[in-house]
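K.L.:
Residue numbers for the sequence shown follow our numbering, so the first one is 228 and each next one is one higher.
None of these hints come from the bench; they were simulated from the model.
Be aware that one or more of the hints could be misleading.
Simulated restraints on C-beta separations [stated by the list, open to error]:
no. : residue 1 : residue 2 : range
1   : D385      : R450      : 25 to 33 Å
2   : G366      : Q324      : 31 to 39 Å
3   : S301      : Q413      : 18 to 26 Å
4   : S367      : R485      : 37 to 45 Å
For clarity, every value in this text was computed on a predicted model and none was experimentally measured.
All C-beta atoms in this analysis are idealised placements derived from N, C-alpha and C, irrespective of residue type, glycine included.
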Amino acid sequence: MFTFVIPARNEEENIATIVGQACVAAQPGDRVLVVDSASSDATARRAEAAGAEVLRGPRGKGAAMAAAIAGSTSPWLCFLDADLVSSDANVPATLRQAAVSGTADHIVGDYEYADVGTILSSTFTIYEPLVAEFFPEVGSLGANSLTGYRAIRRRFLDGVLPTHFGVESHLNISIAVAGGTATVCQLGVIASRFRYKPDMCREIAGSLLDLAVAHDRLDPAERSSWNSWVDGGADAVAAVTATAGRSAALARLFAAVRRPMPSRVSRASLLAAPEPAPA
């Protein structure tokens, strides 16, 4: 059984689209659950009208996802974005089929953007360099590794989630570290409503560095230097706006990616190092 989880904040214009797809994809025993993340519009009412259960949840994407996990018991949870405008395929049905037909624990939905000018600035400027440095076992999860479209076996969702947009980076890492397997599922072309979120890259990085410390990949004493590295990348990401020139924006992002990373000594290495012989 699956629970299709749609965290939504102020998505009254588009919520019915993804709810409609999930209702078509649902099999007997499945649930379609919209978590209304402190919306100030008609999101909840329109979700109910489209056929979803609605759970009133807290603000914050990760907090909304955690509320859904706590309120469900199904073996699989399939997370979906609320801002879907159109797609080549039924997204939840495609993810569900990939989950039940394979053996992976984590199905990551990858896709092409209908807007060919989309720049995944936080992904390649912040997330990918940091995950390669601290958690190489995560491996490649497609071009949209921070996608909101994914299906996960429930047993990998028992931990505490970040309350914000760092939740996808947290899931990618925590599932891999726990020994879960992942596969990428192609979803075709997707059109969605873009919202500029200038603090997202810092939330992504913060969740990742928190896990690096927790798993002895980063000494806490070195955290400030990595925060400074993130700040430099975040400045470049913040310059990517609808009015900024694409070539100039890409140049700034590529320069940010090429910046040297801080040197580090892992906590695991420090703990394993032999004590000096007495004089």
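K.L.:
So does S301 sit 18 to 26 Å from Q413, Cβ to Cβ?
P.N.:
Since S301 and Q413 have Cβ atoms about 24 Å apart, the given range 18 to 26 Å holds.
K.L.:
Cβ-Cβ distance between G366 and Q324: within 31 to 39 Å?
P.N.:
23 Å, violated
K.L.:
Regarding D385 and R450, is the given constraint of 25 to 33 Å on their beta-carbon distance met?
P.N.:
Check passed, 26 Å falls within 25 to 33 Å.
K.L.:
Is the hinted range of 37 to 45 Å satisfied by the C-beta distance from S367 to R485?
P.N.:
20 Å, violated
Comparing the model with each numbered hint stated earlier shows that hints 2, 4 do not hold.
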